[in-house]
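Position one of the sequence shown corresponds to residue 1 (this note's numbering), numbered consecutively onward.
Wrong hints could be hidden among the right ones.
[Stated by the list, open to error] Derived lysine to aspartate or glutamate pairs resembling EDC-like cross-links, with alpha carbons at most 20 Å apart:
(1) Lys46 - Glu35
(2) Lys7 - Glu23
(3) Lys46 - Glu34
(4) Lys27 - Glu38
(5) Lys7 - Glu24
[To be verified] Computed Cβ-Cβ distance ranges for the label pairs, DEER-style:
(6) Lys27 - Ile47: 41 to 51 Å
(7) Trp26 - Gly66: 56 to 66 Å
(8) Thr28 - Asp6: 29 to 39 Å
(9) Ile43 - Asp6: 49 to 59 Å
(10) Glu23 - Ala51: 38 to 48 Å
(11) Gly59 - Asp19: 51 to 61 Å
Rather than coming from a laboratory, the hints here were simulated on the basis of the structure. Note that the coordinates shown come from a computational prediction; the quantities given were computed from them, not determined experimentally. Where a beta carbon is used, it is the ideal one built from N, C-alpha and C, also for glycine.
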Amino acid sequence: MENLEDKVHDLELFMATHDAQCEERWKTTFNRLEEIDETLARIEGKILHAAGAAIIFLGGLVVTMGFMLAESI
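With the hints as constraints, model all of the structure from the sequences given.
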């Protein structure tokens with residue numbers, strides 16, 4: 001019976017260690033996911049700014065070309 005109790009005790013120690021390791025891994029994973037979310041938000045902001053600048057630039061070109069066309073008529 002002593003052998004069975006030793007096995008149970010060893011399994012309890014193993015599971016406690018395993019739980020602690022898994023908890024630490026999940027913390028690391030969630031921290032990395034938060035960093036990835038922040039990075040994606042920054043990239044999205046930069047893309048929106050670039051798209052807005054391109055739209056304004058192209059709109060300015062259309063207006064300028066319209067004025068040039070109107071003057072030549």
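Each hint, compared with the structure:
Taking the CA atoms of Lys46 and Glu35, the gap is about 17 Å. The hint holds against a cut of 20 Å. Simply put, Lys7 and Glu23 have alpha-carbon atoms about 24 Å apart, too far for the 20 Å limit, and the pair is violated. Between Lys46 and Glu34 the CA atoms are separated by roughly 19 Å; this keeps the pair inside 20 Å, and the hint holds. Annotation: proposed proximity of Lys27 to Glu38 holds, straight-line Cα distance about 17 Å (limit 20 Å).
Taken as a hint, the Lys7 and Glu24 pair is broken in the structure, with Cα atoms around 26 Å apart against an allowance of 20 Å. In this structure the supplied range 41 to 51 Å is violated for Lys27 paired with Ile47, their Cβ-Cβ distance being about 31 Å. In this structure the supplied range 56 to 66 Å holds for Trp26 paired with Gly66, their Cβ-Cβ distance being about 59 Å. Checking the proposed 29 to 39 Å range against Thr28 and Asp6 shows it holds: the Cβ atoms sit about 33 Å from each other.
Look at Ile43 against Asp6: about 55 Å separates their beta carbons, and that is inside 49 to 59 Å. Separated by about 42 Å at the C-beta atoms, Glu23 and Ala51 satisfy the suggested range of 38 to 48 Å. Separated by about 59 Å at the C-beta atoms, Gly59 and Asp19 satisfy the suggested range of 51 to 61 Å.
Hint compliance for this structure: hints 2, 5 and 6 are broken, all remaining hints hold.
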